[in-house]
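Assemble chain B onto chain A, guided by the hints.
Below, each chain spelled out in residue letters.
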Amino acid sequence: MKKTLRVLIAAALAVFASACAKPAASGGYNFDAPQECLTAAAADERLREFLNVSAEFPDGDAGARLSYTESEKLAAERIESKLVSFGYEVTAQPFEFVDGVKTSRNIIAKKAAAEGGSGSVVIAANYDNYILPRYSAYGLAADPADMKKSAGAMDNGTGVAALLTLCDYYKDKNLPFGLVFLFAGAGADTTDGADKFVSEMSAAEKKSTLLAVNLRRFGGDGMYLYTDEVKRRHHGYILTAAADSGVPVSSVPKNIPMLNTQTAKTLPYSTYAMRGVHASFMAENIPVANIFSGNLNTANLSDVESKDSPNIAATPSDTYTELKNVRPDYARQMSAAAVLTAALLARPDFADAMTASRAAFNGYGIVSKIWILYLCVFALYLALVVLLASVAKRLEKKYPPVPPAAKRRPPVFGSEYEDSSDPLDPFSDSADPLDPFS
Amino acid sequence: MPVLEKKIDSRIAGFCLYLSFCAAELFLARGPFARILSYMSPPWQSVWLSNIFFAFLFGGIFPWGMTELVSRFTFRTLTPYLGAVCTDLKRSLRFFVIAANLVIAPLTLLYLISPLVAVAGAVVIPFVCYTGAFILYLFYVCRRYVDKPRRSRVLTQLGALYAIAYPLVATFFAGLPL
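Taken in sequence, the protein lines are chains A and B.
Under this note's numbering, think of the first position of the first sequence as 1, with each following residue one higher.
Under this note's numbering, think of the first position of the second sequence as 1, with each following residue one higher.
Okay, chain A solo, but in the shape it has when bound (with noise of 0.2 Å):
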């Protein structure tokens, strides 16, 4: 007995510690990587290009690059001639919203594997941003004003600029598989861009698909790795990568929210960190890896930047001056992300890691048909009510119910017609004691 009391404690706190585990913070890397690159300067060049910030600009002038808009089309055509200048052949891929009038659309690059090389590796981030409360997070309209504000600074420029010093260190390598760069439209509060991408993906590509690696808002107290919501082979050895290469990533902490929207496809519900392109990848079975920024540990639970300072992504303050005033990790953990993918990509048994990950995953079993299960609690409910109907019709035949006396009156005024020693005289008193609503 004392010692499974024993056992039970021991795992309780175990439970208990790895949900309260903080996130790493961003230190003992040398972000002076070696590959120039890849620095925290390079990294914050790309975004600065990006979002065109200039004296005139302090801001840029990308706009909000709101899902669906002119600046988000203007945002993908920068993008565009920023991978023509890295020397990549680029695919955009239109798709429509469901009113079939607004348009947004993928900005590809693909990179070949080396000769005799397969498979690939999809690298993403969304490229749009948008804007929620108190203005539009519970169905009220965004104001306007405040859209333009917004410059989607940290929410998705620095999981852009990440990606665009991805492409600059890829442009002359060849690795054994290769490589997909997608700068998902129409991706901040949606994963319409990532599921065009994965609708046209052939059977073939999702199955030679070794990883999908989504980047995205930089500047947060400390990195996150997310990987599934079952512990898969993968997620280990992208931490071991990580502390290999000096990168400080954590774990999301188990006590993360339930949140009761849908991500990603195949699961009734989603969490902060299943929230993004790589949600539509999860769908189909191919192994993701979400690296972000936040604190998942405060006593809200809730989806922080920061513990020191209110969020700024997704508000009129996602701006690239406050980034730097009030974020100023961005572009370090923008480069930390950018080595960590390079460093896991450049191992040598990489592929092989990545194809026992997906061959050992057996799927989310009865909860990505959950609807099976409201199917059997149906049944259960339905052969419910045929057993009590059943019971009550033995019963009553087995004791025949007595029909209550009908003592109809006619409604007339006046109190010497009260019974009140009747409990069933329905002009008796509301005081009577045997009325328990009295």
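What the hints contain is simulated information worked out from the structure, not anything from laboratory work.
Each hint should be verified, as a subset may be incorrect.
What the hints assert, rightly or not - For each label pair, taking beta carbons as the anchor points, the in silico distance ranges come out as: (1) A:Leu387 with B:Gly14: 27 to 37 Å; (2) B:Glu68 with A:Thr103: 50 to 60 Å; (3) A:Ser309 with B:Glu68: 40 to 50 Å; (4) B:Leu69 with A:Lys369: 28 to 38 Å.
As the list claims (entries may be wrong) - Capping the alpha-carbon separation at 35 Å, the derived lysine-lysine pairs in DSBU-like fashion look like this: (5) A:Lys173 with A:Lys149; (6) B:Lys6 with A:Lys102; (7) B:Lys148 with A:Lys397; (8) A:Lys398 with B:Lys6; (9) A:Lys398 with B:Lys148; (10) A:Lys110 with A:Lys206; (11) B:Lys6 with A:Lys265; (12) A:Lys393 with B:Lys148.
Even for Gly, the Cβ is constructed at its ideal location relative to N, Cα and C.
Frame of chain A; chain B shown alone:
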């Protein structure tokens, strides 16, 4: 049980029912509160403003309110037929719902071990627990408070109301993941 249910003041029993709903709904209520608290600035660290505190305090209000409302309506409709015994039926119901909630509450902690199991459990466990408790409740009150000729009617009326109320309250409003 009969001694217990008659000894405890109905307001205290009602409050215990509310607390039991708070405990049972805590894990599911954290998500909506995390969203609300995301947009508060600065992101408070005070434990009095933390997610768990709010989720516990407010998560149980709706199911508790609905349970009280439905049971009040049910027993009002039964009063002309059963008379004063309805007070006992109503009082007993609270204890059975509290018992069901006390089974559900620790099971929601499965989320910390496996979110997927918790999600599947959120569909099945409340139904199984509440239905089990309800069947036990029917058995208990029929044996204890209702005379034989009235049992079929009590069973029909309470069963029908449960069958209508549960899908409405639990599936659509009480915080299931979909």
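Query - Hints the structure fails to honour - result: 5, 6 and 11
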